[in-house]
Structure formats: structure tokens, C-alpha cells
Amino acid sequence: MSVPFAKLPAWADYGLIPLINLVVAFAVAGLVVLLVGESPFRAAAIMVEGAFGSGRNIAYTLYYSTSFIFTGLAVAVAFHGGLFNIGGEGQAYIGGLGVALVCLAFDSILPWWLTFPLAVLGAAAIGAGWAFVPAYLQAKRGSHIVITTIMFNFIAASLMVYLLVGPLKPGNSMAPQTRNFLEGGQLPKLNWLIELFGGTVRSSPFNLSFLLALLCAFLVWVLIWRTRLGYEIRTQGHSPKAARYAGIGETRIILTTMMISGALAGMMALNPVMGDQGRLQLDFVTGAGFVGIAAALMGRSHPAGIVPAALLFGMLYQGGAELAFEMPAISRDMIVIIQGLVILFAGALENMFRPSIQTLFASVSPRAVGVAKSRGGEA
Amino acid sequence: MAETAIELVGINKTFGTVHANRDINIAIPRGTIQGIIGENGAGKSTLMSILYGFYRADSGEILVNGEPRTIATSNDAIAAGIGMVHQHFMLVQNFSVLENVILGAEGEALLGRSIAKARAELKRLEREYGLDVDPDALIEDLPVGLQQRVEILKALYRGAEILILDEPTGVLTPAEADHLFRILAQLKAEGKTIVLITHKLREIMAITDNVSVMRQGTMVATRKTSETNVEELAELMVGRRVLLRVEKGEAAPGDVLLSVKNLTVRDSRDCIVVQDVGFDVRAGEIVGIAGVAGNGQSELIETISGIRRAEAGTAWLKGDTIDLTGDVGSGELRMKGLAHVPEDRHHVGLVLPFEASENTILGYHDQPRYLHGPMLDIDAIRQGARDKIARYDIRPPNEYLKTANFSGGNQQKLVLAREIENDPDVLIVGQPTRGVDVGAIEFIHKRLIEMRDAGKAVLLVSVELDEIRSLSDRILVMFDGRIVGERAGDASEGDLGLLMAGVEHRRAAE
Numbered sequence: 001m002s003v004p005f006a007k008l009p010a011w012a013d014y015g016l017i018p019l020i021n022l023v024v025a026f027a028v029a030g031l032v033v034l035l036v037g038e039s040p041f042r043a044a045a046i047m048v049e050g051a052f053g054s055g056r057n058i059a060y061t062l063y064y065s066t067s068f069i070f071t072g073l074a075v076a077v078a079f080h081g082g083l084f085n086i087g088g089e090g091q092a093y094i095g096g097l098g099v100a101l102v103c104l105a106f107d108s109i110l111p112w113w114l115t116f117p118l119a120v121l122g123a124a125a126i127g128a129g130w131a132f133v134p135a136y137l138q139a140k141r142g143s144h145i146v147i148t149t150i151m152f153n154f155i156a157a158s159l160m161v162y163l164l165v166g167p168l169k170p171g172n173s174m175a176p177q178t179r180n181f182l183e184g185g186q187l188p189k190l191n192w193l194i195e196l197f198g199g200t201v202r203s204s205p206f207n208l209s210f211l212l213a214l215l216c217a218f219l220v221w222v223l224i225w226r227t228r229l230g231y232e233i234r235t236q237g238h239s240p241k242a243a244r245y246a247g248i249g250e251t252r253i254i255l256t257t258m259m260i261s262g263a264l265a266g267m268m269a270l271n272p273v274m275g276d277q278g279r280l281q282l283d284f285v286t287g288a289g290f291v292g293i294a295a296a297l298m299g300r301s302h303p304a305g306i307v308p309a310a311l312l313f314g315m316l317y318q319g320g321a322e323l324a325f326e327m328p329a330i331s332r333d334m335i336v337i338i339q340g341l342v343i344l345f346a347g348a349l350e351n352m353f354r355p356s357i358q359t360l361f362a363s364v365s366p367r368a369v370g371v372a373k374s375r376g377g378e379a
Numbered sequence: 001m002a003e004t005a006i007e008l009v010g011i012n013k014t015f016g017t018v019h020a021n022r023d024i025n026i027a028i029p030r031g032t033i034q035g036i037i038g039e040n041g042a043g044k045s046t047l048m049s050i051l052y053g054f055y056r057a058d059s060g061e062i063l064v065n066g067e068p069r070t071i072a073t074s075n076d077a078i079a080a081g082i083g084m085v086h087q088h089f090m091l092v093q094n095f096s097v098l099e100n101v102i103l104g105a106e107g108e109a110l111l112g113r114s115i116a117k118a119r120a121e122l123k124r125l126e127r128e129y130g131l132d133v134d135p136d137a138l139i140e141d142l143p144v145g146l147q148q149r150v151e152i153l154k155a156l157y158r159g160a161e162i163l164i165l166d167e168p169t170g171v172l173t174p175a176e177a178d179h180l181f182r183i184l185a186q187l188k189a190e191g192k193t194i195v196l197i198t199h200k201l202r203e204i205m206a207i208t209d210n211v212s213v214m215r216q217g218t219m220v221a222t223r224k225t226s227e228t229n230v231e232e233l234a235e236l237m238v239g240r241r242v243l244l245r246v247e248k249g250e251a252a253p254g255d256v257l258l259s260v261k262n263l264t265v266r267d268s269r270d271c272i273v274v275q276d277v278g279f280d281v282r283a284g285e286i287v288g289i290a291g292v293a294g295n296g297q298s299e300l301i302e303t304i305s306g307i308r309r310a311e312a313g314t315a316w317l318k319g320d321t322i323d324l325t326g327d328v329g330s331g332e333l334r335m336k337g338l339a340h341v342p343e344d345r346h347h348v349g350l351v352l353p354f355e356a357s358e359n360t361i362l363g364y365h366d367q368p369r370y371l372h373g374p375m376l377d378i379d380a381i382r383q384g385a386r387d388k389i390a391r392y393d394i395r396p397p398n399e400y401l402k403t404a405n406f407s408g409g410n411q412q413k414l415v416l417a418r419e420i421e422n423d424p425d426v427l428i429v430g431q432p433t434r435g436v437d438v439g440a441i442e443f444i445h446k447r448l449i450e451m452r453d454a455g456k457a458v459l460l461v462s463v464e465l466d467e468i469r470s471l472s473d474r475i476l477v478m479f480d481g482r483i484v485g486e487r488a489g490d491a492s493e494g495d496l497g498l499l500m501a502g503v504e505h506r507r508a509a510e
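If you read the protein sequences in the order shown, they are chains A and B.
So the first sequence is numbered by the numbering used here: it starts at 1 and just counts up by one.
So the second sequence is numbered by the numbering used here: it starts at 1 and just counts up by one.
Among the hints, erroneous ones may be present.
[To be verified] Calculated lysine-lysine pairs in the DSS-like style (CA-CA distance at most 27 Å, straight line): (1) B:Lys-261 - B:Lys-200; (2) A:Lys-241 - B:Lys-336; (3) B:Lys-200 - B:Lys-188; (4) B:Lys-318 - B:Lys-446; (5) B:Lys-336 - B:Lys-318; (6) A:Lys-241 - B:Lys-402; (7) B:Lys-248 - B:Lys-318; (8) B:Lys-200 - A:Lys-241.
[To be verified] DEER-style ranges, computed between Cβ atoms: (9) B:Thr-70 - A:Ser-331: 50 to 58 Å; (10) A:Ser-356 - B:Asn-25: 26 to 34 Å; (11) B:Gly-60 - A:His-144: 46 to 54 Å; (12) B:Gly-107 - A:Asp-283: 56 to 64 Å; (13) B:Gly-278 - A:Trp-11: 52 to 60 Å; (14) B:Ala-109 - A:His-144: 50 to 58 Å; (15) A:Ala-329 - B:Gly-60: 44 to 52 Å; (16) A:Val-146 - B:Asn-262: 37 to 45 Å.
[To be verified] Covered, in the sense of this in silico footprint (three residues per stretch, anywhere, with C-beta under 8 Å from a C-beta of chain A), are these stretches of chain B: (17) 344-353; (18) 361-371.
Keep in mind that the hints were calculated from the coordinates and are not lab data.
The C-beta atom is built at its ideal place from N, Cα and C for all residues, glycine as well.
Required output: the full structure, derived from the provided sequences and hints.
Below you can see the structure in the form of C-alpha cells.
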């Protein structure tokens, strides 16, 4: 027995519902701010100011967003194949190794625009390789990918610590990091892009990988909705039985999907490592892998949703940092709580308001919901 | 007490904009069997769900024994003396019959007393209605016919005076169905009121006193069963004249196109579900496989079409020998000219969240005509979808619409269009008309006959004996994983029924 459902128009599905979820998330976050004795409105003003108030602030927001676009896309591709890749954090972390090895090897002999594509390949290859092992275990042994990818986050973290205090550390240094990359291992900044629009940026980490992230978003859209592989990935994701019926090899799809996902997560490392810090250091991912899950959920696994969702989380990161600075009562942890609320309402409770909104639409404008009049309830 | 057991007055129910029940009025006299028929989506189940407290009506009144009752939950329904036997049994498989009967009526923390009471009560019910079943048997060990009896016992144990049965014979052999009807007649004689929901007109004629016909959410007619006939009911259901018999000429069987030998299949629990099965299908004939659901037919066609791996056995397809124990892959078989309309269109034959056009290439998505290198040729796919939609009269004719939003009949046409339009030589069809409305059934049957007449080999599996009998040129009967008999297409129902129940087979074994 199935209840016929009213379909919402696209603008409500992709615009209104996320907006309502967001408003509720901020309302609850406001209550938390109120609880610690600060004004929610002033806090909101500081956050918005912190995220967009100046050219420099915008640059920082976009810098954070860049990382989230990569990891969000990574999670989304896996989602389409019915796989929950929690390992973006580790794949991004280990992807940094690919970036660093390329930069360390070539920064003295090649200009940045030749090192860059090699670094992209290095990051993608190592990220994909890191995702391959859980994918293989899932496809061949049935080990659940959620568990194995989480485990691989820890393995990646330990491995990186070992490499950065050992083999990759210059002999005379006491910091757990590689040597600084030379000119040929650093990406140009995009500060001019913001200055083009009249902002002033003295220094910021906003760099070329932002454009690469946007390109990847487009390519992911092409992959998922316009290629044969994407068709097979979606079939497998929606219905493994239908995929088997259609002669789509499950093992092949699991392996390819996860490797594409891992490659995207690995490319996130370009942003901080090659674009900002100019060296490989510990913990440069700072949770971007997990924020990517939220961005993918909120963006409904569609690149056109993930990019704005990543911008939102970039804003929360940058604005939140300013807020913690301006309002001492609101600690760094409070910012995490606010981000958590957004994730909760926008991601996990995505369907909370949907039924009532559908009913509302159905009663206000029957034709907008596009249900054929003649269809009865399933008998 | 009032003469009327249940009266529904002006019941309305909408889901969003869909008017599932529109001004339904019906009065069911006490001590009678009332049939409710209608196509899928006519609103029968919605109406019964309102009566049983799963849904609340938007407006209207329910009177039980002449008194208005509010039935908001199934507990209210039970309290009003209404019991329901669901199409899909609500039994705990690893509980005993007794444990299932007291489920939800356990009474107190310790079960001893209620079990003793239930045991005594079951004895009484057994005496009064001939509902015999071992109270200590585990449900999983019982055949479906007996499981259904447990469902009936559950309802009676809760004091049901009014019993609703939703498609009760779908899983039964003809003999089991007859037994069920005898029980229902007995219950009626004891003064119980029975509501029988079905789409099988024959059952309505055989057992009911009155019959109500639903179409598109409205109750279009109520007749005394003795004063109506199958043709009139079918016409009322569909709203136009329907061809109940399939018109077909003589078959002209040609060469063998598909041959299966020594096929043995184990299921995921490692039980043998198909045992040493072999048969041929020739060009220009429809071979039907009859059998009660769950006797290995599903696994049989899944294996032949490359979805499931066999324990042993080979297939011979147009000159190629195929080892079914290997990982054959449905893609490879499809290339060799074998098409498959799977039994479960929701999870296997279609991807419901896809647009209709995307589903028209499922399984054929690697053919060059739909591709530009690694890219999908979206224009070609949509054009192909529009053609199929036009030729198979799929409604609404919108290739962008999500597949889940089509009705069952139109979804099935989508699958058939895809498989038939690809011009296969061998077509394997599982349950082609399950959950499909009468109008579409006629259409689908015609297409299958056309395939046969075009010299294709068609293997048909269906649990609807009528369908098997009206379409097939030869009938194989499966029981317990084996083919227990072969009959001509015009075999009698009684003959096939005995085979389906495994009677002949058992006799031969003794």
C-alpha cells in the first residue's frame, strides 16, 4: 500500500526547504547564544560581518569553501553509488602527501603551472588509492564501507604523523612538517578576483584551487548525469538489484565510485598545502572531510547545491572565527555547536518540514504539485 | 441488534490532491459475505484501511451495528469487533502459532495464564469452525494456507464479528482457496460478517452474497451476486467493455531457441529451490510455468536470465551453450537475444527515482545507439523513450516524469516496451500483470501473443492460473523446485490444481 505523494516544484524542493531548515537552525543557535548571555542579533551581525565584511574576510570565506566543495563532491559521488564515504577526512589528509611529494620533487625545476597539474594528479591518485582499500573490502568481502573508511581516517592520521616526524622532515628542523615549497610549488592567489569587485585584500590564503573546485563541480555533474558510468553509478545506488538485472558489475562500480570519491577528497589538499601553507604540516584538513558530508547532505548531492552549501559552511567557519574573537563568552566550541545545528537541521532532519510543506502546497495550489487528478490511492 | 453490521456513510479521503475515496456509501448486512472489487488504485485498500484504523477519513461516518464509532487506531477497530487478514501476513516467523495468536493481547508480564487461555480458546474455535492447526507449530514450518488460517484465528481470538480479508487467495493453491472458502462459509453460518477484497471475479461469483464495485475512488455499483455476472462486473470495474478471454490463433512452434538442462539452484539460505529442471522453448510458442508462489519459479527465471548463479546446469540459447554455474551476467545474455521482464518491476525491472526515459535504456545503456563515447546521447534516449511511450500508450506521455509517479500498469508497459522493442528472440516474462489494471492486462496479453506470432520464444511465469491457461501453448507445473508435469495449453484447472498442490507428485513418490 503506498500513499500517493505530492511532488513539490523544484524551487521549493531545492530552495524553500533548505531555507526553512536554515532559519530554524539559526533560530535554535540564537537560543544557545541567548543562553550564554549574549545578544543573538549582535552575534549574527558579527558573523556576517566576519564572513563578508571586507575583501579579506570574503577571501577567507572562499578559501574555506574551496575545501568543502572538494570534500562535499567526494561524499556526493559516493552517495550516488549508494556508498557512504565517511573517509573524506583521511583521503584528504593522505592526498596532501601526493601534493607534497610532487612539490618537493619539482618545485625547483618547474614553474607552478607545470607543478600544479602534476600535484592534482598526485593528490587524486593517492586519495583514490586510499579509498580503494575500503572499496575493495566492501566489494569483495562485504566489510561495511562506513566502518572501514572511518578506520582509514585513523590510519591516515597515524601514517602522516610518522611521515612528518620522520622521513619527510628536513634533518635540521624541529617542527613536524616538510621544508617550505619554493615558488614552483605554490599556487597563485586569487585576491585580484575580489579586488576586481572592489574589495581590498592585503593577504589571504584564497588561491587558484577555488577555480579547480568549481571545475570539479561541473565535471561531477557531467559524470553523474551525462555519462554511461554515471548512469551505472546511479542505478547501483538506487537499486543494486536493478543494477544486477541490467548487467552492471557491482564490484566495478563500487571500486570506481569510491576511487573517484577518494580522488576528489584528495584534491582538497591542494587548497591548504599548495595554495596556503606552502608546506605539508600536521592536521591541515581540520575537519573539512566531515563538513563535506554536511555540504553533500544539504546540497542534495547535486553540485549546484553543494557549492552554495560549501559557501555557507565557509561563512560559518570564517564568521565563527571572528565571533569567537569578538565575543569572549562564545568560545570556539560554541561555533562548533552552531555548525552542528546547521548540519542537524539541514542534513539529518532534512525531511522534518517536508510533509507539512507538501500538504500546504497541495491545498494552496494543487496544480503546482503536479499530481495527475485521476490517480487514486493504491488498492 | 441491527441488521447492518457495518455502514459507511459519505466517506472521503484525499492524499494531497488525489481523491482516493469519494463519497463512499455502503451498508453490509450482518451474516453475509460482501465482495469488494476494483482495479489497482480504485481505492479498495484505502477504504478498508479507514475501516481498520490505519487512515482517518477526511469526512464521513462509520457505523458498526448501527452505532457511530470513531476508529482512529487498529485497537479501536478490534474493540468494535473488526478483524483484518492482511494480504501480506503479519506473523512472527519464529514464534509458535499460540505465541502469534496472543501477540498484542499478552495480558500480563508472565505469559503462562494467557497461553493457557489461548490454548483453550483455539480448541473451541477449531471445534466450531474447523480451523484446525497445531498450536505449538512454528509459523515458519507451516505452509502459507495454514499461516493464513492463523491470521484468521488471531482475528477471531480478539472477538472479531466482522472479518476483512484483503486478497486472501493470492498465495493459495486452488485447493487451499476452496478450503478457505469453506471456512468462510462456516463463519458466515455462525453469523459472522465477512468482507472480501479481491480482483478475481471468479471468487466473487463463487462465494459472495453481495458485491460492490469501486472505480477511481468511487463506489460505482452494488449488486446481489446472484443477479450479476462476470462480464457486467468487469465492465463496471473498467468503465468499458473488456475482453476477458485472450484471442489467439494456433501456435506454430518452430526450432528450439532456449533449452535448459539439469538446472539446480540454491537460495541464499543454501536450500535447494530448483532441482534438476530441464525444458525447451521453441520459436513461436508460449510456455507457461504454473505453480503456487514460492515453488522455485522466481529463482528459475532469475537464473536463466543471468541474475542468479546456478548450482548446476546449462542453458542452450540459439546455438550457444551457456554454463549457468558461472557468472554469466544478464548483459551478455541480453546481447545474445534474451530479454527478461522481471517479476519485481519496482526493485529489479525499474529504478523508480529515475526519469521514465532513463528507465527505457536500463540494461541497454551500453549500446552504441545510446552513447557518444563515454557520454550518454540524451537526445537519442529521449527520442527513443517518446517512441516507446507512444507505441505502448504509456500515460501520462511524459518521458521526464519520475518512474515512481506512473501507475503500476504503465510502469509495467514501460518495462515491456523496453524489452520487446529491443527485438529479442527469447522473452522471459515473470508475473506480467501483477498489480496491473484490467485495461492494461488486455494490452500486455496482446503484446505477448504478438511476440509469439512473430516467431519468438516466450517463457511465461505467473501465479495467476487463469493467465497461464489463457496465454500458454504448453504448461509446465512447478512444485517444490521440480517440474512435476507438463500439460497442453487447454488443460483443465482442476488437473493443474492437483499438480500445483504436489498431489500427483507425492502419489508417484509413494
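Verification of the supplied hints:
Between Lys-261 of chain B and Lys-200 of chain B the alpha-carbon distance is near 35 Å, which puts this suggested pair outside the 27 Å criterion. About 21 Å separates the Cα atoms of Lys-241 of chain A and Lys-336 of chain B, which keeps this hinted pair within 27 Å; it holds. Only pairs whose Cα atoms come within 27 Å are accepted, and Lys-200 of chain B paired with Lys-188 of chain B is accepted, the gap being roughly 20 Å. Restraint check for Lys-318 of chain B and Lys-446 of chain B: satisfied, since their Cα atoms lie roughly 25 Å apart, inside the 27 Å limit.
Between Lys-336 of chain B and Lys-318 of chain B the alpha-carbon distance is near 8 Å, which keeps this suggested pair within the 27 Å criterion. The straight-line distance between the Cα atoms of Lys-241 of chain A and Lys-402 of chain B is roughly 19 Å, inside the 27 Å bound, and the hint therefore holds. Of the pairs offered as hints, the one joining Lys-248 of chain B and Lys-318 of chain B holds, with about 26 Å between alpha carbons and a cut-off of 27 Å not exceeded. For the hint linking Lys-200 of chain B to Lys-241 of chain A, the alpha-carbon distance of about 30 Å lies beyond 27 Å, and the restraint is violated.
For Thr-70 of chain B and Ser-331 of chain A, the hinted distance range of 50 to 58 Å is satisfied, since their beta carbons lie about 54 Å from each other. Our hint of 26 to 34 Å for Ser-356 of chain A and Asn-25 of chain B holds, since their Cβ atoms are close to 32 Å apart. A beta carbon spacing of about 49 Å between Gly-60 of chain B and His-144 of chain A agrees with the range 46 to 54 Å that was offered as a hint. With their beta carbons about 60 Å apart, Gly-107 of chain B and Asp-283 of chain A fall inside the hinted range of 56 to 64 Å.
A beta carbon spacing of about 59 Å between Gly-278 of chain B and Trp-11 of chain A agrees with the range 52 to 60 Å that was offered as a hint. Checked against the hint of 50 to 58 Å, the pair Ala-109 of chain B and His-144 of chain A fails, with Cβ atoms roughly 38 Å apart. Between Ala-329 of chain A and Gly-60 of chain B the CB atoms are about 58 Å apart, so this pair departs from the stated range of 44 to 52 Å. For the pair Val-146 of chain A and Asn-262 of chain B, the supplied restraint of 37 to 45 Å holds, since their beta-carbon distance comes to about 42 Å.
Residues of the region 344-353 of chain B lying with their CB closer than 8 Å to a CB of chain A number 8, which satisfies the three-residue condition for coverage. As drawn, the region 361-371 of chain B meets chain A at 6 residues by the rule of a beta-carbon pair under 8 Å; at three or more, the given contact holds.
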